[in-house]
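If you read the sequences in order, they're chains A and B. The numbering used here numbers the first residue of the first sequence as 1 and each following residue consecutively. The numbering used here numbers the first residue of the second sequence as 450 and each following residue consecutively.
Rather than coming from a laboratory, the hints here were simulated on the basis of the structure.
Quick list of the computed label-pair ranges, beta carbon to beta carbon: (1) B:453 - A:98: 56 to 64 Å; (2) A:267 - B:534: 31 to 39 Å; (3) B:522 - A:243: 45 to 53 Å; (4) A:114 - B:478: 53 to 61 Å; (5) A:222 - B:452: 32 to 40 Å; (6) A:335 - B:534: 51 to 59 Å; (7) B:452 - A:277: 52 to 60 Å; (8) A:424 - B:522: 40 to 48 Å; (9) A:64 - B:471: 35 to 43 Å; (10) B:525 - A:427: 51 to 59 Å; (11) B:466 - A:245: 29 to 37 Å; (12) B:522 - A:282: 45 to 53 Å; (13) B:471 - A:384: 26 to 34 Å; (14) B:466 - A:226: 44 to 52 Å.
Once the Cα atoms are required to be at most 30 Å apart in a straight line, the calculated DSSO-like pairs of lysine-lysine come out as: (15) B:539 - A:43; (16) A:50 - B:523; (17) A:349 - A:370; (18) A:409 - A:285; (19) A:50 - B:533.
In this text, all values refer to a predicted model and were calculated from it rather than measured experimentally. We put the beta carbon where it would ideally sit given N, CA and C, even for glycine.
Here's the letter readout for the chains.
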Amino acid sequence: MTDNKINLKYDIVIIGGGPAGMSAAIAAYEHGNRSILIIEREKRLGGILKQCIHPGFGLEMYKEELTGPEFAARLIAKVREYNIDCRMSSMVLDIDRKLCVTGTSSDLGVFTVQAGAVILAMGCRERPRGALNTPGTRPSGVFTAGAAQYFVNMYGYLPGKEVVILGSGDIGLIMARRMTLEGAKVKAVCEVMPYSGGLARNIEQCLNDFNIPLLLSHTVVEVHGKERVTGVTIAQVENVPGKGRVPVKGTEQFIPCDTLLLSVGLIPENELTTSCGIRLNPATKGAEVDQDRQTEIPGIYSCGNVLHVHDLADFAAEEARIAGEAAAERVRKLRENAGEKSCEEGGFKVGLKADGKVRYVVPQVITAKKDVNVFFRVSDIFKKPTLVVTASGSAEGAEGETGENVLLKKKYLKLVPGTMQTVTLKKEMLEQIPDGGRIEFKLLPGDAE
Amino acid sequence: MKRTITCIICPKGCEIEADNDSGTLVLSGYDCARGKRYAETEMTCPMRTLTTTVRLPTGRMLPVRTDAPVPKAKLFDCMAEVAKIRLPVKPVAAGEVILADICGTGANLIASAAWELNANP
Ligand SMILES: Cc1cc2nc3c(=O)[nH]c(=O)nc-3n(C[C@H](O)[C@H](O)[C@H](O)COP(=O)(O)OP(=O)(O)OC[C@H]3O[C@@H](n4cnc5c(N)ncnc54)[C@H](O)[C@@H]3O)c2cc1C
Ligand code: SF4
Numbered sequence: 001m002t003d004n005k006i007n008l009k010y011d012i013v014i015i016g017g018g019p020a021g022m023s024a025a026i027a028a029y030e031h032g033n034r035s036i037l038i039i040e041r042e043k044r045l046g047g048i049l050k051q052c053i054h055p056g057f058g059l060e061m062y063k064e065e066l067t068g069p070e071f072a073a074r075l076i077a078k079v080r081e082y083n084i085d086c087r088m089s090s091m092v093l094d095i096d097r098k099l100c101v102t103g104t105s106s107d108l109g110v111f112t113v114q115a116g117a118v119i120l121a122m123g124c125r126e127r128p129r130g131a132l133n134t135p136g137t138r139p140s141g142v143f144t145a146g147a148a149q150y151f152v153n154m155y156g157y158l159p160g161k162e163v164v165i166l167g168s169g170d171i172g173l174i175m176a177r178r179m180t181l182e183g184a185k186v187k188a189v190c191e192v193m194p195y196s197g198g199l200a201r202n203i204e205q206c207l208n209d210f211n212i213p214l215l216l217s218h219t220v221v222e223v224h225g226k227e228r229v230t231g232v233t234i235a236q237v238e239n240v241p242g243k244g245r246v247p248v249k250g251t252e253q254f255i256p257c258d259t260l261l262l263s264v265g266l267i268p269e270n271e272l273t274t275s276c277g278i279r280l281n282p283a284t285k286g287a288e289v290d291q292d293r294q295t296e297i298p299g300i301y302s303c304g305n306v307l308h309v310h311d312l313a314d315f316a317a318e319e320a321r322i323a324g325e326a327a328a329e330r331v332r333k334l335r336e337n338a339g340e341k342s343c344e345e346g347g348f349k350v351g352l353k354a355d356g357k358v359r360y361v362v363p364q365v366i367t368a369k370k371d372v373n374v375f376f377r378v379s380d381i382f383k384k385p386t387l388v389v390t391a392s393g394s395a396e397g398a399e400g401e402t403g404e405n406v407l408l409k410k411k412y413l414k415l416v417p418g419t420m421q422t423v424t425l426k427k428e429m430l431e432q433i434p435d436g437g438r439i440e441f442k443l444l445p446g447d448a449e
Numbered sequence: 450m451k452r453t454i455t456c457i458i459c460p461k462g463c464e465i466e467a468d469n470d471s472g473t474l475v476l477s478g479y480d481c482a483r484g485k486r487y488a489e490t491e492m493t494c495p496m497r498t499l500t501t502t503v504r505l506p507t508g509r510m511l512p513v514r515t516d517a518p519v520p521k522a523k524l525f526d527c528m529a530e531v532a533k534i535r536l537p538v539k540p541v542a543a544g545e546v547i548l549a550d551i552c553g554t555g556a557n558l559i560a561s562a563a564w565e566l567n568a569n570p
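Bound conformation, chain A alone (with noise of 0.2 Å):
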């Protein structure tokens, strides 16, 4: 060889060998491709599940309930049987517009794929300290809370005794189940918000089963300690019109502790999405998909936590057999096909937009008329809400109404941010839109809190 680079070639390329990658592998190998790479920049398949010992994992799709290691084995399971390639401690650094992708590993340095379809599936990490602003000197003890999930439940190393928590996320509440039980003391977890954005099971087993207190509208205002932490300052938070979530005077109260957990949220990494140019969606941090999980580059899906962060291992999971489906159908059809210029299909395009009451929507463009689920979070805590889908823009039978036709209204109970909706626009609904125009998803409020 000339060029001491290696170049190789696949038809599909996974990038991420989490739950989402792993997912999306073997759904194309279901739907009969034979020629798939994943690529992973760790040791072992499984992603973060590897950390998550705890259970909760695979009610949805195995309806039993597993520990994260023991859901990342069935699919690693899987992905042996099928003998799909894997390799690891490899990183990808770039793709292209070509569906090329460059990577690199201590066995073959620098390598390049070309792929014929290429699958984003690369999760996400949290929100470090950086992004908090939390004022004070920076002492070590701070800690994002999976980071600490990481030394504890992999190497067995405490971070800390006297503990106190910044973002009630189900990762924090997990930890402080977590430290307690390894003889650590967690004396508070603090939400800016007046509500948890964990789910109400994580509530009740990890901190109410140990008397830890929730101190909701609650923030850490102080980190205090020159070397180690020594304490924090915290205070109750309120809404100022214009202003937003801001301390309140006079409520500043001091908590000895040695180390402060940072559970404030998780962003997408999507470093590699950009630098191949595809722009990301404000409300989910993640690219703009149609309903196949194709992102606006042709031949490049997104799935799981990369496209937008989910609630539970499942659902990332079961989104991204939808994209390593269709990028498997999208290979045996340019096979089909070639010498001709790929035939586009029927150039249907309809976007959806959500009015702000609905955070965002998954997928945000559809290109063909059949059933679709659609994702949905809402920005806040509604109770007795209806979700108004409304398309505009159509030719038939809206006459009259302000061009609007209501494709489907729901009643719920309650919405809370923390929970991810879904609900399906169906093909006889898609089939009254015509090519460019809008589905709207919004929110009447019954009484908002």
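For this one, chain A is given, so just place chain B with the ligands on it according to the hints.
Only chain B with the ligands this time, still in chain A's reference frame:
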């Protein structure tokens, strides 16, 4: 006693109203039979599945769990037992019993993942 119990059996998290003032337990608000059973035990002897880790000979941790819920009141006793475990240098299969009948609860502590001798550190 009247109590609201948040069901932990599935992510739905139903709020179950429990009332045993009349001598018999009256439950409402559960969405399925498993939730009803959960509320019944919650009113008598709350039970929880324990998940934790055991140190491997390599220094890394092996995830473990109880194969059935144990009394909530015994969680810390179980953790103390788990801390005493020293695993021999031999492969572990997923589901293998690491400690039988932990703290006399009748539940076994089992491996949640496999471990091979030449596995990654
Ligand atoms: C700390 C933490 C704890 C969580 N706890 C829970 C929980 O308890 N329950 C739950 O249901 N969900 C939990 N989640 C959410 C969880 O991430 C998802 O449910 C699920 O794991 C998402 O799957 P995924 O495959 O999209 O992402 P991941 O599991 O994150 O997998 C992404 C994979 O991509 C790899 N990767 C990324 N970039 C590259 C690159 N450039 N080259 C090669 N490989 C790359 C990563 O190494 C990783 O293995 C947690 C998330 C985090 C961050
Ligand atoms: S009662 Fe049934 S549906 Fe409701 S949370 Fe419990 S298990 Fe889930």
